[in-house]
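Student: Each chain, letter by letter, is given below.
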Amino acid sequence: MLFRLTIRHSLCCLLLFIVQDASAQSQREAKWPFTPPQVASAPKTDSPWVRNGIDSFILARLHEAGLTPAPEATRQKLVRRLFLDLIGLPPSPEEVQRFLEDDSVHAYEDLVDRLLSDPRYGERWARLWLDLARYADTAGYEGDPDMPHAWRYRDYVIDAFNDDKPYDLFIKEQIAGDEFEEIMGAGELPGTPPERLVAMTFLRLAPFTEPRGDETRHEMLSEMTSTVGSVFLGLTVGCAKCHDHKYDDIPTKDFYRMKAFFSTVAMPPPEPGDGYQIGGSIPAAFYRQGEDNWADEQRARFRREIEDSGRQLTELKERLAKQVDGEEIDKVLKDDNDTRIAAGDRAEYHRLSDRPRLLRQQLKRLEPVAMSLRHSFGPPYEPGVPTSRVMIRGEYDNPGEVVEAGFLSCVTGNQEPAAIRLDPFKRWPTRSRRMALAEWIASPDNPLTARVIVNRLWHWHFGQGIVPTPSDFGQLSGGPSHPELLDWLALKLVDNNWSLKSIHRLIVTSATYRQTSLRDEEHASDVDPDNRLLWRFNRRRLEAEAVRDSVLAVSGRLNTEQYGLPIFPPLPDDLAERVKYSESKWDTQAGPEGRKRSLYIYQQRTLTMPFMQSFDALVCEESRPRRRHSVTPLQALAMYNGMFVSEEARHFAGRVRAEVGDDIQQQIARAFVIALARSPSTEESTELTALARESEAGLEGVCRVLLNSNEFVYVD
Amino acid sequence: MSTEHHPFVDRRRFLSTAFNGIGALAASDLLARETLGASPMIASSVADPLAVRVPHLPRKAKHCIFLFMQGGASQLDSFEYKPELNRFHGQPLPHIPAISGELQGRLSFPHVTIGSPFAFKQYGESGHWFSELYPHLAKHSDKLAMIRGIKTDNQNHGPSTLHVTTGSQFPGSPSVGSWVSYGLGSPNRDLPGYVVIQDPRGAPVNGAAVWANGYLPAAYQGTLLRSHGTPILNLSRPDGVSEAQQRREFDVLAMLNRQHQALRPDDSQLAARINAYELAFRMQTEAPELVDLSAETSATQQMYGLNDPDTAGFGRQCLLARRLVERGVRYTLLVHGVQIGRHSWDDHGDVEGGMKRHSREVDQPIGALLSDLEERGLLAETLVVWASEMGRTPFRNGAMGSKPGREHNSWNLVMWMAGGNVKAGASAGVTDDFGLRSVGEGIHIRDVHATILNLMGLDDDQLRYQHAGRLRQLTDIGGYVLDDIIS
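Same order as they appear, the protein sequences are chains A and P.
When we follow the working numbering, the leftmost residue of the first sequence carries the number 1, and every step to the right adds one.
When we follow the working numbering, the leftmost residue of the second sequence carries the number 717, and every step to the right adds one.
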């Protein structure tokens, strides 16, 4: 075995040698992606297919490979594609009709603009950002403690997308929201606007377990470093925590130089009763328009409900006490085997007993605070800037070489300390460190930042990035399929004041995006089986949120209320049973509250809603750059048998009846256009009419079939 | 569209256009036969990812039952007879060279040796040692191969549990069962190919990450067989929908889907979804029948300990495992023990009391499972693996009172295997006189994983999947097959 070990080891070394050799070369001629985006004008072409610069780049590569673009998708397909892509919901029949009847030459562009300014746009795209931010409402691990203020960050992200907040500002607010203002004299430490305090929740969203001193601090700051590295820079910086990066030029020392920007992070200690929390919260008033009033109303409501449930509980116990001849009623009720109490009464007793705890947690969520952090105040109040060191093998108690905060050398070409601009009196020596990092990341000169975000947008629109690994632009990424196009888009982003909507608009109005996905061409799939050159549009399965939201939109029962506290939709029966009498955090909402869009669902790290899980939306543990699109029988069971879809199918049928009356053919035509944005074919109409007429479930069966169809969960 | 692809899209594409629905099964079987020999990778058909595939190696095992003891079972009170422990009881652990800084740092209290309170005896011709806690298992001594001194890379439950069950200590990697399903498919198409039965008292550390498909397609994830309600979530038809009604709706649905697919013939995901509905339909009948233990004789039920509250829980899990094997399910993971606390093998305090309880809960059921499989002629085609996420230390945990416990020990996990081509009575690995760690070359968990794959007929170095820019495999960097325990 020793011999074999040696061979394997030397193979490994050989591989490393090759990589190192490559990196030595890269130092001589700095390589992609560490050189700034090159100004490239779109390739000249007189092809009438080309609508904007994107198409010139795409067409040039297609021609090189001997391929041609696909024809444009039908308008019927385009309207559904745009709706599901930009706002995550299917178009209503009226919206389909409006687009199909709009014969202006700008009809498509107008629809794009309408959708990009639709507040539902932010709800879809925030969810994708929340994946990157490893957003959750609980901390995970033992006990899975609630993080009652995380939801404010979710709303901040929705706003950021809807307001088209410049991406450079979005970055700076999340990394260093508290360090914007310059301090010119010896005055006060400036306050931080609440929105920016909420933005910094980003840094605190990692799962954590009960804090254990230095070890926890080391892990927490390391996680911030890794996540900031992969989300904003598209580099797996975290790989260098324990050893030099095996593939990219990121020495361990650089990891700790980057981590040193976070070395003065401070948080209030947990509040009494929150011993398992990693830290407390920071005051941050409600700042969104109308939010203060809304919060007051919610608080009043919850207080009322606490009183109500208390009173109902007393009444229930008084009533039941009579049934058991004055025995101690609580004792009787807690004994599940005591048959004198009806099952319904006992369940109600448990529910009412548990409600005040859940409602008090809701009240806590409504405190005007943020799960944020700040910089340490420094001497003489708090510790100053600590000495940062490499931690050997990533171990918190194994200090090595001293390092100073500095930027990644693979980008800058050196390991000089970063200039950190302190206030002139050096009154706050611990301040401005994170802002130094944020400004470096959010700079037009950073070769990675703009490329990484435009590639993410591309990935979400096309199902596949120009760089196929959106959070890893390193050697393992395989490189970009269209490097000039990526640079062109990155420069456009910066030119357009970091407006993400401007990039969305460019992408979705391109001829490339408008191609049909229905192209089956042997030659093209031989040459480019993965469609990296985009010789057609990629069909995709809807993500879990879009599946659930679409079902609700189609049934007419989607609660369109935006923002606010996490929601708790009903869980499958015995799952609800399992969490019912324990210290559950799930305060099931059977009413309209539980039918808001899926991004509002409480993200509990130990309990992903099975429906969402079966469509690959696990609650995040770590930053997640992309979703899987699996196909399993469990998904089929969830869609057909599951309580959620079967209930909504009933309402869908009700909606159809209300809209078109009793004529079966009209009902079927209407159901098609609601669910699939098209009319049925003659054959489809015949089959489904027969199903509606001849089977016991009638129209409801038709509706269930449509919701289960492939066409419903896939976008062409 | 996923960016993770097999290199056989063209051929797959050809086949999926040629066959639809049910026919795809035969097609992808053909596909697999064709590509397995020629390539280091398995071309899993998207249309039928669980089609049975021909293994790389001639092996008897067709099924695997993986018994996982959550918490870190004490090898020193089970299968490691170390008389030195009792000789040094209450004294500092004598110097053992090269205890790493990590151990000193993490467990910075005096290393006071504690002996095992249990009597040990050798059994059978193999001479394997068993403590008195395992009277039932000991009878099968000559069927077992023991592996000692297995190392994992992390001392904590979360990461080490993942390391043993998925080959990586970080979340996101496919579990062993996912790799086996990916490599071999599943003979039973009316049940999931990879089934998980967790302790009825709760979930293990990391929950579903322990049986996750990671970066492999979701068809290879473990399906939780639930102990309450319907055995699989959403298995009952919606209220008011009869079987005939459902069949009718499924037929219409299949018609719609086939028409939809006819215009998109190269999209195998659509064909896969058509198949998924048919599989789901059959599961509705098959799964309830599977969990109905009333068909078992009372002798069998008693043998598994179903009549005793201490053994009924794991007994039911073991009996279900046998029923799954009978039905051709490829891989079954049984978890005994829950996250933290009394029902975990994590005996930091009172290792004596804890080990008595845990071993009593599993010993009779495991003994019954081995006997039952053998009697039914299934043992030869079933690989049975027993593991925990780590072993425990020869020294006591911190300043405990009169009932000492043991600390985590990720240098000496002891596992055993039986069935299939396991060399009965064999051993691999040698540990020091205190059972702290291995001596000699040492065995890493990835070597064990390579061995499990080998015993299932799969070559770890050929069973790969393209992910994030490179070919991944269960052992990450490769492992050495433990030839000593393979017959």
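Bear in mind the hints are in silico, worked out from the structure with no lab data behind them.
Idealized CB from N, CA, C, for every residue including glycine.
There's no promise every hint is true.
[As the list claims (entries may be wrong)] Pair by pair, the computed Cβ-Cβ distance ranges are: (1) P:Thr1001 / A:Pro356: 42 to 48 Å; (2) A:Met643 / P:Arg917: 25 to 31 Å; (3) A:Asp336 / P:Ala1011: 25 to 31 Å; (4) A:Ala347 / P:Glu959: 29 to 35 Å; (5) P:Glu1157 / A:Met643: 30 to 36 Å; (6) A:Gly661 / P:Thr1001: 36 to 42 Å; (7) P:Ala1011 / A:Gly654: 39 to 45 Å; (8) A:Ser681 / P:Ile1193: 34 to 40 Å.
Student: With reference to the structure, classify each hint as holding or not holding.
Tutor: Cross-check of the supplied hints:
1. P:Thr1001 / A:Pro356: 42 to 48 Å: Once the Cβ atoms are compared, 45 Å apart, the range 42 to 48 Å for Pro356 (chain A) and Thr1001 (chain P) holds.
2. A:Met643 / P:Arg917: 25 to 31 Å: With a Cβ separation near 26 Å, Met643 (chain A) and Arg917 (chain P) satisfy 25 to 31 Å, so the hint holds.
3. A:Asp336 / P:Ala1011: 25 to 31 Å: 30 Å, holds
4. A:Ala347 / P:Glu959: 29 to 35 Å: Once the Cβ atoms are compared, 30 Å apart, the range 29 to 35 Å for Glu959 (chain P) and Ala347 (chain A) holds.
5. P:Glu1157 / A:Met643: 30 to 36 Å: Given range 30 to 36 Å: violated, Cβ gap about 56 Å.
6. A:Gly661 / P:Thr1001: 36 to 42 Å: 39 Å, holds
7. P:Ala1011 / A:Gly654: 39 to 45 Å: About 43 Å separates the Cβ atoms of Ala1011 (chain P) and Gly654 (chain A), which means 39 to 45 Å holds.
8. A:Ser681 / P:Ile1193: 34 to 40 Å: With a Cβ separation near 55 Å, Ser681 (chain A) and Ile1193 (chain P) fall outside 34 to 40 Å, so the hint is violated.
Violation of the numbered hints given earlier is confined to hints 5 and 8; the remaining hints are satisfied by the structure.
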